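**Student:** Protein chains in written order, with my numbering: chain U, 28 to 540; chain W, 2 to 490; chain G, 44 to 143.
Be a bit skeptical, because a hint or two may be false.
[Claimed, not checked] Capping the alpha-carbon separation at 20 Å, the derived lysine to any residue pairs in SDA-like fashion look like this: (1) U:Lys194 / W:Arg425; (2) U:Lys137 / W:Ala372; (3) U:Lys137 / W:Met414; (4) U:Lys400 / U:Arg464; (5) U:Lys477 / U:Tyr467; (6) W:Lys479 / U:Gly102; (7) U:Lys194 / U:Pro261; (8) W:Lys479 / U:Glu224; (9) W:Lys479 / U:Arg516; (10) U:Lys194 / W:Met433; (11) U:Lys231 / U:Trp97; (12) U:Lys137 / W:Gly362; (13) U:Lys508 / U:Trp97; (14) U:Lys137 / W:Val369; (15) W:Lys479 / U:Trp97; (16) U:Lys194 / W:Met414; (17) U:Lys137 / W:Val428; (18) W:Lys479 / U:Gly212; (19) U:Lys231 / U:Arg516; (20) U:Lys231 / U:Ala96; (21) W:Lys479 / U:Ile98; (22) U:Lys194 / W:Val428; (23) U:Lys231 / U:Gly212; (24) U:Lys194 / W:Phe421; (25) U:Lys477 / U:Asp386; (26) W:Lys479 / U:Ala96.
Quick caveat, the hints were computed from the structure, so don't treat them as lab data.
Only a predicted model underlies this, so the values are computations on that prediction, with no experimental measurement involved.
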Amino acid sequence: MNFPILTSLIALPIAGAVLLLFIRDEERNEPLIRNIALIVSVLVFAETLLLWTRFNPASADFQFVERHAWIPAFGIDYFVGVDGISLLLLVLTGFLTPIALLSSWESVHKRLKMFCVFILLLESAMMGVFVSLDLFLFYVFWDAMLVPMYFLIGIWGYDRRIYAAVKFILYTMAGSVLMLLAILGLAYLHSQGTTGEYTFDLLKLYAMDVPRSQQFWFFLAFALAFAIKVPLFPFHTWLPDAHVEAPTAGSVILAGVLLKMGTYGLVRFAFPLFPEAASFFAPYLAGLAVIGIIYGALVAMVQPDMKKLVAYSSVSHLGFVVLGIAAMNTQGVQGAVYQMLNHGVSTGGLFLIVGMLSDRRHTRLISEYGGLKNVVPRLVAVFFLITLSSIGLPGLNGFVGEFLILLGAFRWDPRLAALAATGVILSATYMLWMFQRVNYGPVTDEKNAKLPDLQPREWLVIAPIVAIAILMGIFPNLFLKPIEPSVNRLIGQVSQRSSQRLQAGNSELRIPN
Amino acid sequence: MSDLVFLLPELVLAGTALVLILIARHVSRAQAVAVSVVVAAMAAIFSGWAFTPEAPEAPAAMTVVFGGTIAADGYARFFKVLFAATLALAALLSVKHVDTERVPPAEYYALLLLASTGMMLAASAADLLILYLGLELMILCAYVLVGITVNRPIANEAAIKYFLLGSFASALLLYGIALVYGVTGATDFAAIASAVSERNLTRHPFMLAGLALMAGGLAFKIAAVPFHAWAPDVYQGASAPVAAFLAAGSKAAGLAALVRVCLAAFAPEQRIWSEMLAGLAVLSMIVGSLLAISQTNMKRLLAYSSIAHVGYALLGLVTGTPDGASATITYAFIYSFMTLGAFGVVIALGERGEDLLAYRGLAATAPVTAALMFLFLLSLTGIPPTAGFVAKFAVILSAVRGGHVVLAVVAVMCSVVSAFFYLRVAVMMYMMEPQGAAPARVPGAVAAALAVAAFVTIVGGILPDTFTAWTVPPSLGKTPTEITRALTR
Amino acid sequence: MVSLNHYLVLSAILFAIGTAGVFVRRNLITILLSIEIMLNAVNLTFVAFGRALGAADGQIIVFFVMTVAAAEAAVGLAIVIALFRHRESLNPDSWTALKW
Chain U
28 MNFPILTSLI ALPIAGAVLL LFIRDEERNE PLIRNIALIV SVLVFAETLL
78 LWTRFNPASA DFQFVERHAW IPAFGIDYFV GVDGISLLLL VLTGFLTPIA
128 LLSSWESVHK RLKMFCVFIL LLESAMMGVF VSLDLFLFYV FWDAMLVPMY
178 FLIGIWGYDR RIYAAVKFIL YTMAGSVLML LAILGLAYLH SQGTTGEYTF
228 DLLKLYAMDV PRSQQFWFFL AFALAFAIKV PLFPFHTWLP DAHVEAPTAG
278 SVILAGVLLK MGTYGLVRFA FPLFPEAASF FAPYLAGLAV IGIIYGALVA
328 MVQPDMKKLV AYSSVSHLGF VVLGIAAMNT QGVQGAVYQM LNHGVSTGGL
378 FLIVGMLSDR RHTRLISEYG GLKNVVPRLV AVFFLITLSS IGLPGLNGFV
428 GEFLILLGAF RWDPRLAALA ATGVILSATY MLWMFQRVNY GPVTDEKNAK
478 LPDLQPREWL VIAPIVAIAI LMGIFPNLFL KPIEPSVNRL IGQVSQRSSQ
528 RLQAGNSELR IPN
Chain W
2 MSDLVFLLPE LVLAGTALVL ILIARHVSRA QAVAVSVVVA AMAAIFSGWA
52 FTPEAPEAPA AMTVVFGGTI AADGYARFFK VLFAATLALA ALLSVKHVDT
102 ERVPPAEYYA LLLLASTGMM LAASAADLLI LYLGLELMIL CAYVLVGITV
152 NRPIANEAAI KYFLLGSFAS ALLLYGIALV YGVTGATDFA AIASAVSERN
202 LTRHPFMLAG LALMAGGLAF KIAAVPFHAW APDVYQGASA PVAAFLAAGS
252 KAAGLAALVR VCLAAFAPEQ RIWSEMLAGL AVLSMIVGSL LAISQTNMKR
302 LLAYSSIAHV GYALLGLVTG TPDGASATIT YAFIYSFMTL GAFGVVIALG
352 ERGEDLLAYR GLAATAPVTA ALMFLFLLSL TGIPPTAGFV AKFAVILSAV
402 RGGHVVLAVV AVMCSVVSAF FYLRVAVMMY MMEPQGAAPA RVPGAVAAAL
452 AVAAFVTIVG GILPDTFTAW TVPPSLGKTP TEITRALTR
Chain G
44 MVSLNHYLVL SAILFAIGTA GVFVRRNLIT ILLSIEIMLN AVNLTFVAFG
94 RALGAADGQI IVFFVMTVAA AEAAVGLAIV IALFRHRESL NPDSWTALKW
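Looking at chain U on its own, in the form it has when it is part of the complex:
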């Protein structure tokens, strides 16, 4: 147990990236570069699986904790640990990275070495975000992650890639700098307390009683940063641009993991750190989430571009996640965490399929396709399964998450649940309509008549996704079991602290002037 497994999750991809730097970026080295990157990412995935098997699902505490003093003057530690909420997100990150690498096997040749280096650095930063239990450390990873993603979009993207990359980084930075201020404010508040010391230690800050007027601002700053990342309506406008312009691997990681950092941040930081402000703002958050669910679905419906359609469907799906979090009951949050995983799998899968189609035809417009069913039957079969998983058909993964979230939301506020449920119907409409236009009917364009079906490499990319989608649909308890204790602890933490205040006679949260 003494092996620092979480540190190795962060360090291994960096080591791989450094190793790659010593290889010359020449054409004959291409297979070597790809293989090193792939092997490293598979090793990391294996490590996350190992972590899962060693993880004690009955415990709600942080496990595999490591702590070393880093900047003692400010009470900053290198402090990492994992609980049920972050465990499966780590596994998801480990799972999607090799898939993203494999998906770019044919399509990326330009500056391949840098591409692999950036993917590995990105993986390392994502792991870091999910395991950090020190707010400073968390912020370091949170911001450091922007850089590789910026390059992935900006160098290997499509036509308007520079615009999309700059928009992505400026939007995200604008949100995160305010969060930095709130983090500093928290540490300062702690230094005003009994110990008089600065600390960025999450567990100590959980235990701290933040005055309500400050909670209000801190929560807003944190929530803004996370809402931009999620992205919650109306902060979503960077997402379609980033997704459309990003290369397939970038889209997979962006949709699969990066967006989850926003919702993860809400669960891990914003709600438990500021429980009273959270309960005050939860209805507003939920309102925005429901608007996002419906708005995203409606906009997705009229998109001519498949990638943009999937991007807007992300806005809609992540609205569900935020709704579940805002409900703050067991079903809601469990469903939200589950839905984070689902969305990673099914939207990642959809981006892969769109990528495969656009590799073949060099267009992503729905109108350019039609009648693919008879041309590439296997590809269409896989496409169909993933579409169903994204819609949330019972028996596939999407259903479990959405069902739990709606259940949780219904217990909290039936009206919101009812509105959100229309999103489920809408999502079936736009996804199936898109599927129909692409795959059914006669082959209208001659270029579509001779497309090759799935290659062995593509099978390797897409089969794990399909397998996971089915597994998560049939055996949800396998995944829900480790989540549950941590979720219950979280809810206890949030409700207990806000009810303590209720008993003290300060029932309403006043807005400071």
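On the provided structure of chain U, position chains W and G as indicated by the hints.
**Tutor:** Below, chains W and G alone, put in the same frame as chain U:
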């Protein structure tokens, strides 16, 4: 005699400068001179380590020598090491320029050495007169350095602008000193502070006028808005190594002087100068960030960025506490290395380094140079895990704890704006097609300087606590806060 | 009877004249002279304060300031000469290579 050992760094540099002037006629190549300057800078650093004053009672207390005019404390040591390092890097960066521009090498390097001597004196001054003399020694050498390429009209123009505005600002500073002297009857910091608090002079009109005039004069040295107009012109007109030296060294020297004067001499007036500095900081951050957006010349862009950075650096001092001031000196330290690095890349690219458009596709033709530039830009933006992030973190934290939340919000907003123009360079380097041939090989001296700057930028981001250990003997203070605390004792 | 205040007022007026000269005059040599006037106004302040306080500090400082002013004038005139070689003009408005 024993007091002289505390001035050894200054003596080494000034002595080397005098020797260089004596043998100037026999020197034709820059390389040998540059090496001797680097050796002198190293000697200055180590002579500082060898003779550390015993701190008898409280550790890290302020020790004054030469009848109370020179301070031999951790603060002075911290900046002396910084200035010696700046000098060494600038000397390395200059080698090629001195040869190609046909500048007389010995005289050029002698001026660099004397300017660094002035910076060190300004940082260790415990008396307003020494402070003035140190800053004048620095800036007089700087005027000449800016205009040393006499055949380039643009350099002459930059030099005269620098000279006129600089002399004007020096006159303001001096008038401020005169008024303070008139009210308190003293020029050494400790006596001023005790006179002000004992005789209750905080609101004396001469005192206020003197404070405002001195703040103006020092704000010019650090190029804070509204005393910034010279910086873009001078950085653009001067040759790149000189601009690098000024951006790092003269700015840090101005900050060093400002922090010491504020904390040691004018501690009783803290509220007044805090407000003045807050105004300077906000204006500098906003104006610097906004005007940098439209620049097309790399040196001009870095000039506006330096204006914005001085605004961030002042955030620490605005709080008026030793803790806040420690953030400011940390910022000065880290900023010096990252700006030297950024200018170093401009120098490494030669002629094309100045034009922003020439950076297009640099990553394809010169990947290592582009990666270094990107590292320095990240650090200037303040993105972890670079030293620039740690520096910005420290100043913003001190602004928050000082209750200056508005300043902190302005600072983070400006750093988002600055991300825009720094990343524009990254966009050009990495996301656009190459223009023209690959740049020539980077000279060894420049490469060495870039390596040092990059090392500090990375290590400073990952292990930020190490700097103090490198610069200051433990008996003079183990952390920046201990160093600045000694100023107020 | 000439009091300290008379000296201070005179030096303030001189300083103001110098400041105005720097901004108003359009000839480099005149601007340099204006800066000299500013420095000498400060010198007058130092001497007057020194005498009023009964201490020698003020007078001693003046010697240092005079030395610095001499060095400054030397550097300034050297730059002016280098510039004049290129431009044949002493009017600051004729410098256009750098935006202000």
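**Student:** Each hint needs a verdict: does it hold in this structure or not?
**Tutor:** Hint-by-hint comparison with the structure:
no., hint, verdict
1, U:Lys194 / W:Arg425, "holds (12 Å)"
2, U:Lys137 / W:Ala372, "holds (17 Å)"
3, U:Lys137 / W:Met414, "violated (35 Å)"
4, U:Lys400 / U:Arg464, "holds (11 Å)"
5, U:Lys477 / U:Tyr467, "holds (16 Å)"
6, W:Lys479 / U:Gly102, "holds (16 Å)"
7, U:Lys194 / U:Pro261, "holds (15 Å)"
8, W:Lys479 / U:Glu224, "holds (18 Å)"
9, W:Lys479 / U:Arg516, "violated (42 Å)"
10, U:Lys194 / W:Met433, "holds (17 Å)"
11, U:Lys231 / U:Trp97, "holds (17 Å)"
12, U:Lys137 / W:Gly362, "holds (13 Å)"
13, U:Lys508 / U:Trp97, "violated (34 Å)"
14, U:Lys137 / W:Val369, "holds (17 Å)"
15, W:Lys479 / U:Trp97, "holds (16 Å)"
16, U:Lys194 / W:Met414, "holds (16 Å)"
17, U:Lys137 / W:Val428, "holds (16 Å)"
18, W:Lys479 / U:Gly212, "violated (26 Å)"
19, U:Lys231 / U:Arg516, "holds (16 Å)"
20, U:Lys231 / U:Ala96, "holds (15 Å)"
21, W:Lys479 / U:Ile98, "holds (13 Å)"
22, U:Lys194 / W:Val428, "holds (12 Å)"
23, U:Lys231 / U:Gly212, "holds (14 Å)"
24, U:Lys194 / W:Phe421, "holds (9 Å)"
25, U:Lys477 / U:Asp386, "holds (14 Å)"
26, W:Lys479 / U:Ala96, "holds (17 Å)"
The structure fails to meet hints 3, 9, 13 and 18 from the earlier list, while all remaining hints are met.
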